[in-house]
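In the order they appear, the protein sequences are chains G and U.
Numbering of the first sequence is given in our numbering, commencing with residue 154 and proceeding in unit increments.
Numbering of the second sequence is given in our numbering, commencing with residue 154 and proceeding in unit increments.
The set of hints was computed from the structure by calculation and includes no laboratory data.
The beta-carbon is built from N, C-alpha and C at its ideal position, and this holds for glycine as well.
A hint or two may mislead.
If we take Cβ atoms under 8 Å as the criterion, some of the chain G residues that face chain U in the derived model are [claimed, not checked]:
(1) ILE230
(2) LEU231
(3) GLY235
(4) LEU236
(5) GLY563
(6) GLN565
(7) ASN566
(8) ILE648
(9) LEU674
(10) LEU677
(11) VAL679
(12) SER688
(13) ALA689
(14) ALA764
(15) GLY765
(16) ALA768
Chain by chain, the residues run as shown.
2 protein chains.
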Amino acid sequence: MLETAFVEHLFYLVPAGSLFALVYALFLFLSVKKMDEGSRQMQEIAQAIRTGTRAYLGRQYKGVGIFFAILFIILLILSFQGLVPTPVPFAFLTGGLFSGLAGFIGMTNATMANVRTANAARKSLNLGLRAAFNSGAVMGLTVVGLGLLDLSIWYFLLKGLGYSIEQITSTMLNFGMGASSMALFARVGGGIFTKAADVGADLVGKVEVGIPEDDPRNPAVIADNVGDNVGDVAGMGADLYESYVGSIVATSALAITAFNQAGLQFQGVLVPLIIAAVGVLASIIGTWFVRSDERVEQAVLLKALRRGVNISAVLIAVLAFMIIKYVLGPNYLGVYGAILTGLIAGVVIGLLTEFFTSANYKPTRNVAEQATTGAATVIISGLSVGMLSTVLPVVVVAVAIFASFALAGGLQNFNMGLYGIAISAVGMLSTLGITLATDAYGPVADNAGGIAEMADLPEEVRERTDALDSLGNTTAATGKGFAIGSAALTALALIAAYVEQVQVIKPDFQFNLSITNPPVLIGLFVGGMLPFLFSAMAMQAVGRAAQKIVLEVRRQFKEIAGLLEGTAKPDYATCVDICTRAAQKEMILPALSAIIVPIIIGLLLGVNAVAGLLAGSTVCGFMLAVMMANSGGAWDNAKKYIEEGNHGGKGSEAHKAAVVGDTVGDPFKDTAGPSLNILIKLTSMVSVVFAGFILAFSLIK
Amino acid sequence: MLETAFVEHLFYLVPAGSLFALVYALFLFLSVKKMDEGSRQMQEIAQAIRTGTRAYLGRQYKGVGIFFAILFIILLILSFQGLVPTPVPFAFLTGGLFSGLAGFIGMTNATMANVRTANAARKSLNLGLRAAFNSGAVMGLTVVGLGLLDLSIWYFLLKGLGYSIEQITSTMLNFGMGASSMALFARVGGGIFTKAADVGADLVGKVEVGIPEDDPRNPAVIADNVGDNVGDVAGMGADLYESYVGSIVATSALAITAFNQAGLQFQGVLVPLIIAAVGVLASIIGTWFVRSDERVEQAVLLKALRRGVNISAVLIAVLAFMIIKYVLGPNYLGVYGAILTGLIAGVVIGLLTEFFTSANYKPTRNVAEQATTGAATVIISGLSVGMLSTVLPVVVVAVAIFASFALAGGLQNFNMGLYGIAISAVGMLSTLGITLATDAYGPVADNAGGIAEMADLPEEVRERTDALDSLGNTTAATGKGFAIGSAALTALALIAAYVEQVQVIKPDFQFNLSITNPPVLIGLFVGGMLPFLFSAMAMQAVGRAAQKIVLEVRRQFKEIAGLLEGTAKPDYATCVDICTRAAQKEMILPALSAIIVPIIIGLLLGVNAVAGLLAGSTVCGFMLAVMMANSGGAWDNAKKYIEEGNHGGKGSEAHKAAVVGDTVGDPFKDTAGPSLNILIKLTSMVSVVFAGFILAFSLIK
């Protein structure tokens, strides 16, 4: 076991890991950028997507900027009143800034890599895979690097200001709210954008006019491709940035009471940070093993990606063991068990998601079969699959909660157990650099496929980009499961941290968190209702925005002469603009509800009710998120399965029914579902930040 | 305030109320039976429905009998081990018996009244309304009467055996499980039967062969009409029987600790019983005011029904005031406030349900409008409406919890507050005699419409039966809201009672019901997952059963010569038989899951986890039940709204899209949704009964 004095130096691993991640990301970025962009037509298409993405981002940052300005002022006032720690308003800004920056870099990178991936696929499958995957890794490493950078800066700053380790952790716990808010806006806004464009493009282009998907004559086709980037790249990145930082600060905050008696507080605080830092190394090494031969087979490609992820996981498992053994000492190997629990749970939930949403397995095949008796049976069976698919992830989460609690020693020392639950989330997220890379890979490959289609590249190339794209769908499913699982564990860690935070602010506060206490019960109900409210708003927003796109696309086909014949060019920018405006407008209400409801409940019924609300929203949010993601995934792949020639193939009645399922699934899996991950964390973050305010002004104490 | 000695005599009001209800029900039954059955053709159709219903009931009771026998033996063994009170196995049987009896009487009565209602409508609208409503009242009063009878018998028996009042209430708390199990089987089995028949009949009859609904040539038409009875009459009756008895015994059990210091335990126990007893009087008086003139207008008819319900509510409000004032004394008028809270909450949730599901209001109109852009948008908007419709009921429940807790004095004496929450459920259910009458009225009117159609009665008569049927749809919506609301409050009372029960069994048990305690958290997750699992199983069961009906109906149309021409008769019995078998087979797994999961969680993680599970299943079950009921209702009425000639009317593309929505809604609103009410109560009941067993054998204490 290492001396405390030496352990202090280990903190430098955190900025080192951050810099390593960012530099390596820059290296990958430049290596992708060096690649050839292909023909002039390809470059033009890529430029259009890039311009659209920039336009969207610019507007989003403007809108979000206003929100951040208002909340900054509110937090400033609260800090003058002593109701939040002084650094919080500023940390709120840096959290938002870094999360936004991660999104910006990820998108710049993705819109640069898509066309290069398409071009690389002209030469070989492996080159295409490497281009797309490396650009995914840029995103993954940027998220991780910026997260660690934010933590390092504030740690040194607060230490320099003379804060004690307790003060540092309890202050840093407040920092998640900025990142969370930014993430929610990115996820909801991006989710609305992408599905409005997708649904709108399909409804007129495919159904009414009868042109293929990704046809350049469709005025919404660029918006559709822009949407892949703003929804899946920026949204997913911001979501996981938040889980990553959130799980680390929650674990650190919980270390204070957990290691109080043992006198290992500093070590306990440091462990999640160091594990995250060495996770960078593990992730980067993992990326080196992602390479494929030229067989255009799903299984081969998937194996290539999985190899990288698995190597990273094994590496971190070894490194974490040494960290625990030498930093916390051999008495705390149970904490290592908790980390492993999280690592394994993340993988298992991902695999379960794949089982329920891949056409290789029974559930999705059943949905496809139900398409033969019409749309109604497709919908019923898809919803059933989604509902049924909550069972095993709940079992996994339950086992993870209990195992990490018990292994860390929670049965003897309750607070150690809470630390164990929190650090299991850190374990799950420690290889985020590479897991997010496999995720962010998807939209790049998807875009590459779109560009290949629009630029009319040879059949052989499109076969390759299709294979890459289809792999992206699988990783997206696994990634969604992983995002939900990590969000649930992070949210639980945050609930525990919230309770500690209240105790820090008001040490004599008497909690009554019993589920028979009416404020807690009411909190459970209101919290349970939030995900339903939120999902309803998000789905209706997609519906309204898609309607606008439908009208615009119809207008262009009517008014622009020669558009259908290919002699005139559509006005792509207007569709992008409509989606952008709609997304910006529609994201406000759902996002605000996540922030305001916990505050209102707190003011009326006190902190017990807030804790109940967090538990309720975590439980119901988890169920609904899993259900929506998996129903959506099953519908999507059931449709693709039929398109491959099963149950009558493309154009059959079964196919039409499956398209209905897929369209219902779009807002499920890409708008409402993934936003719920952020909702359950943001409510906790808001509760932490406003804890002092609620304690001071709530009607019931 | 009355002397305790005198108050003891007030208990006689309970058997008196019971007898009054049963005798009055018999009187109504005979008065309906006296009415003319109409033409021979009508009598034949009615006979076919009757035979089908009997066949179903016979088989159901046989299947359920086996389940009851097994569980009786298990309980008997547990009682020999001293793990459950000795009377419990027998009370389990009487609970099941009385609940089953209520269903049997209700169905016998409904299948007798349907044809008489149709025939009465030949003479006048008011006569038709009276016939259908009176038969509904038979059901309502039978449920109430049998419930009070069961309670009276056991009360006197246990008292005769020398049990103290504490022992009586804690023993009687165990009695709900029999009724709950029977209710779940009735609801799930009936729900599967009715929707399999409905969907199957429509898919082949309406869509493939092109004959109208309720056409006698359709082999599944009788099964469809049988289904209305077994699903809506028996299922709803058993559901509310259970809420009624459950809320009363939970309140009585909670009275023991609540009134411990005040020395008013006996009074506290008695109050819910007396209120229920005088509720019989209020309900019967209310029924006298249900009468209409001859205007075939929805609003007029609705007013007629509402008048009766409102008069009953006002009466009970007055009577309850006097009961509280004279039995508990003027210091306890806050308890009266809690009763009023429940009474009002029931009405408000009912009205909210109507708002979200009636085509007179915006939400359902929006769903209808979305039908113009196809099935996908209908589904998305219907699901959004369902999700959004959870918000206000949650607010109502939250306000009801807090108000009844605070009014009853919970802020000073926690246990009084829990008593307040429980008695608010009793208040909500006190007028069950008449609220259930307006509910059970629906299927009778629906059947009457079917008989009028099948027997080809004149246009004018069918206009009247259509008006009566359409009124039934509105009351069904309100009734569903009421059933869910009362189930939620009853479940909360049962959770509190469960906690007390554990304390009675093991006075030194140290609870840790905090939501940060991992077993509680795990319980919340597993409990939250149960409604999703349950709904998925129920929906898939309907799908499978409907598929079988589709094949059978197709077979008959192919093999029976002259069937379509009307020269040959279809084989109704086989369709009834298929539905019966399917319902019996498919109801087992969902029902067992509700019983086994709480026991497994208890054995693994102890009673804290069980309490968490109950809270989780109540919260998620409530959300899902409201969502499914209201999505289903909105789809149903959106379809009807289009059929009235809006958005293109019958046969338009919009209509086809709306039919998809309606078909998805069928298992939502009539199978899975309402079964969830029972699920959340049954899990509590099972937990109460097995509390001693769990305390003795759980791995974690």
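Comparing the hints with the structure gives:
With 8 Å as the threshold, the beta carbon of ILE230/G stays out of range of chain U, its nearest partner Cβ sitting at about 29 Å, so the hint is violated. Because the beta carbon of LEU231/G sits about 26 Å from the nearest beta carbon in chain U, more than 8 Å, this interface hint is broken. For GLY235/G, the shortest C-beta to C-beta distance to chain U is roughly 27 Å, which exceeds 8 Å, and the interface hint is violated. The interface hint given for LEU236/G is broken, as the beta carbon of that residue sits about 24 Å from the closest beta carbon of chain U, more than 8 Å.
Below 8 Å, beta-carbon pairs count as interface contacts, and GLY563/G has one with chain U at about 7 Å; its hint therefore holds. Using the Cβ-Cβ criterion of 8 Å, the hint placing GLN565/G at the interface with chain U is not satisfied: the shortest such distance is roughly 13 Å. Annotation: interface hint on ASN566/G violated; nearest CB of chain U at approximately 13 Å, more than 8 Å. About 7 Å separates the beta-carbon of ILE648/G from the nearest beta-carbon of chain U, less than 8 Å, and the hint is met.
With a cut of 8 Å, the hint placing LEU674/G at the interface with chain U holds, because the nearest CB-to-CB distance is about 6 Å. For LEU677/G, the interface hint holds, since its Cβ comes within 8 Å of a Cβ in chain U; the closest pair sits about 5 Å apart. Look at VAL679/G: its Cβ gets to within about 6 Å of chain U, closer than 8 Å, so that hint holds up. Look at SER688/G: its Cβ gets to within about 5 Å of chain U, closer than 8 Å, so that hint holds up.
Interface hint at ALA689/G: satisfied, since its Cβ lies 4 Å from the closest Cβ of chain U, which is below the 8 Å cut-off. Below 8 Å, beta-carbon pairs count as interface contacts, and ALA764/G has one with chain U at about 6 Å; its hint therefore holds. Given hint, GLY765/G at the interface with chain U, holds; its Cβ is 6 Å from that chain's nearest Cβ, closer than 8 Å. The beta carbon of ALA768/G is positioned within 8 Å of a beta carbon in chain U (closest approach about 4 Å), and the interface hint is therefore held.
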